[in-house]
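Residue numbers (the numbering used here): 1 to 243.
What the hints contain is simulated information worked out from the structure, not anything from laboratory work.
A portion of the hints provided could be inaccurate.
Within a straight-line C-alpha distance of at most 16 Å, the following computed EDC-like cross-link-like pairs (lysine to aspartate or glutamate) qualify [unchecked claim]:
id: 1; residue 1: Lys138; residue 2: Glu94
id: 2; residue 1: Lys137; residue 2: Glu95
id: 3; residue 1: Lys6; residue 2: Asp53
id: 4; residue 1: Lys47; residue 2: Asp32
id: 5; residue 1: Lys152; residue 2: Asp79
id: 6; residue 1: Lys58; residue 2: Asp19
id: 7; residue 1: Lys243; residue 2: Glu191
id: 8; residue 1: Lys188; residue 2: Asp32
id: 9; residue 1: Lys96; residue 2: Glu86
id: 10; residue 1: Lys10; residue 2: Asp32
id: 11; residue 1: Lys138; residue 2: Asp105
id: 12; residue 1: Lys176; residue 2: Glu38
id: 13; residue 1: Lys6; residue 2: Asp32
id: 14; residue 1: Lys96; residue 2: Glu215
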Amino acid sequence: METLHKDSQKQIGQFVAEDFRTAAVFSTYGIDFCCKGERTIEEVCNKNQIDIDELLTKLEAIQSSNSQQSIDYKSWPLDLLAEYIEKKHHRYVEEKSPILRQFLDKLCKVHGLRHPELLEITALFIGCSKELAAHMKKEELIIFPFIKRMLKAQIEGTKIESPQFNTVENPIAMMKHEHEAEGERFRKIAELTNNYTPPADACNTYKVTFAMLEEFEKDLHLHIHLENNILFPQAIKLETSLK
1 METLHKDSQK QIGQFVAEDF RTAAVFSTYG IDFCCKGERT IEEVCNKNQI DIDELLTKLE
61 AIQSSNSQQS IDYKSWPLDL LAEYIEKKHH RYVEEKSPIL RQFLDKLCKV HGLRHPELLE
121 ITALFIGCSK ELAAHMKKEE LIIFPFIKRM LKAQIEGTKI ESPQFNTVEN PIAMMKHEHE
181 AEGERFRKIA ELTNNYTPPA DACNTYKVTF AMLEEFEKDL HLHIHLENNI LFPQAIKLET
241 SLK
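Using the sequences plus the hints, can you model the full thing?
Here's what the structure looks like:
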């Protein structure tokens, strides 16, 4: 029980950074592990009236299990992790957004009168896809290249020029704020869709669209987790070590 007590002061994001399988446990309890990963286990349990011993026992069971071993993203070099995020998660958003917008538009035309919530869901998703497109460009043009320059300077033992944004913490703070906004937007989508449960009169397009929205949210959670809990903190540490 001593280990469990010690882990009560551990941040949620740390658990998921060390073993992404723990994300499933947090999701079961409705705990946000990506945008709000800086909260401790004790803090979130007290706020949401969750049995802390029960939660920690489940987390320990997942971590001690050898099945479906989680990818150790935390051990990856920062440039590889940035490339992975861009190639996998940014590309996912770019590919799925127009398809989902097309499907949602169709649902609004066919089912909008009987299910007016579809209009709000569509508006939320369009807002999300637009903001994410701008957000990802800022990462690809500003933060990711600077991280790569820092790594190059570390390897070569050279100094790095001070960026226009002064410190990497400034654009990171902006990115995290934007992550929170999109996380909140998808929380509303999940609520409006009854956690992506199609209504009884749903056609196949309706069912596919809700399934795609759920998949999109899960991908977004992993995307934000990799940045908030692994890439960004390590980039800040790297910058500090170079000063």
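Results for each hint:
no., hint, in the structure
1, Lys138 with Glu94, "15 Å, holds"
2, Lys137 with Glu95, "15 Å, holds"
3, Lys6 with Asp53, "11 Å, holds"
4, Lys47 with Asp32, "13 Å, holds"
5, Lys152 with Asp79, "10 Å, holds"
6, Lys58 with Asp19, "13 Å, holds"
7, Lys243 with Glu191, "46 Å, violated"
8, Lys188 with Asp32, "14 Å, holds"
9, Lys96 with Glu86, "15 Å, holds"
10, Lys10 with Asp32, "15 Å, holds"
11, Lys138 with Asp105, "28 Å, violated"
12, Lys176 with Glu38, "12 Å, holds"
13, Lys6 with Asp32, "21 Å, violated"
14, Lys96 with Glu215, "10 Å, holds"
The structure shown violates the earlier hints numbered 7, 11, 13.
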